[in-house]
Amino acid sequence: MPTAVLTDRERAAVQAYLRLLQTVRASFAQADGARPAVVPPSVLAEAEEALAGAGLAGNEEEFFRLLRGWGSAG
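Just so it is clear: in the sequence shown, position 37 is 36 by numbering that gives the first Met the number 0, and no numbers are missing.
Do not take every clue at face value.
Unchecked claim - So the derived label-pair ranges between C-beta atoms look like this:
{"id": "1", "residue 1": "Ala33", "residue 2": "Thr6", "range": "25 to 35 Å"}
{"id": "2", "residue 1": "Ala33", "residue 2": "Arg64", "range": "28 to 38 Å"}
{"id": "3", "residue 1": "Val4", "residue 2": "Ser26", "range": "29 to 39 Å"}
{"id": "4", "residue 1": "Ala33", "residue 2": "Asn58", "range": "17 to 27 Å"}
{"id": "5", "residue 1": "Val4", "residue 2": "Val37", "range": "16 to 26 Å"}
{"id": "6", "residue 1": "Asp7", "residue 2": "Ala33", "range": "14 to 24 Å"}
{"id": "7", "residue 1": "Gln21", "residue 2": "Glu60", "range": "38 to 48 Å"}
{"id": "8", "residue 1": "Ala33", "residue 2": "Arg67", "range": "28 to 38 Å"}
{"id": "9", "residue 1": "Val23", "residue 2": "Asn58", "range": "37 to 47 Å"}
{"id": "10", "residue 1": "Leu43", "residue 2": "Phe63", "range": "12 to 22 Å"}
Quick caveat, the hints were computed from the structure, so don't treat them as lab data.
Everything numeric in this text was worked out from a predicted model, so none of it was measured.
All residues carry an ideal CB built from backbone N, CA and C; glycine is no exception.
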């Protein structure tokens with residue numbers, strides 16, 4: 000399968016999404032069975048802004064294709 004070269008904006012969107020996932024996972028891990036902490040609005044805003052900047056807002060299929068490619072590139 001050919002490897003796609005991400006644009007700077009696409010890379011920023013993938014990285015922001017991965018940071019969001021890490022934050023959510025950490026929130027659940029720290030919750031210790033209790034209700035998890037709320038994800039900071041700044042983390043959500045960063046991900047939304049990066050997705051919009053890369054033209055990926057509302058285009059989940061394309062975005063998840065980029066994520067799969069990012070994970071297999073390493």
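These are the hints, each one checked on the structure:
Distance hint check: the CB atoms of alanine 33 and threonine 6 are about 41 Å apart, inconsistent with the given range 25 to 35 Å. For alanine 33 and arginine 64, the Cβ-Cβ distance of about 36 Å falls inside the hinted range of 28 to 38 Å, so the restraint holds. A C-beta distance of roughly 33 Å is found between valine 4 and serine 26, which places it inside the suggested range of 29 to 39 Å. Checked against the hint of 17 to 27 Å, the C-beta distance between alanine 33 and asparagine 58 comes to roughly 36 Å, which is inconsistent with it.
Between valine 4 and valine 37 the Cβ separation comes to about 36 Å, which falls outside the hinted range of 16 to 26 Å. A C-beta distance of roughly 40 Å is found between aspartate 7 and alanine 33, which places it outside the suggested range of 14 to 24 Å. Separated by about 23 Å at the C-beta atoms, glutamine 21 and glutamate 60 break the suggested range of 38 to 48 Å. One distance hint, 28 to 38 Å for the beta-carbon pair alanine 33 and arginine 67, holds here, with the actual separation near 33 Å.
At about 21 Å, the beta-carbon gap between valine 23 and asparagine 58 misses the expected band of 37 to 47 Å. Between leucine 43 and phenylalanine 63 the C-beta distance comes to about 18 Å, which sits within the given range of 12 to 22 Å.
Consistency note: the structure conflicts with the earlier hints numbered 1, 4, 5, 6, 7 and 9.
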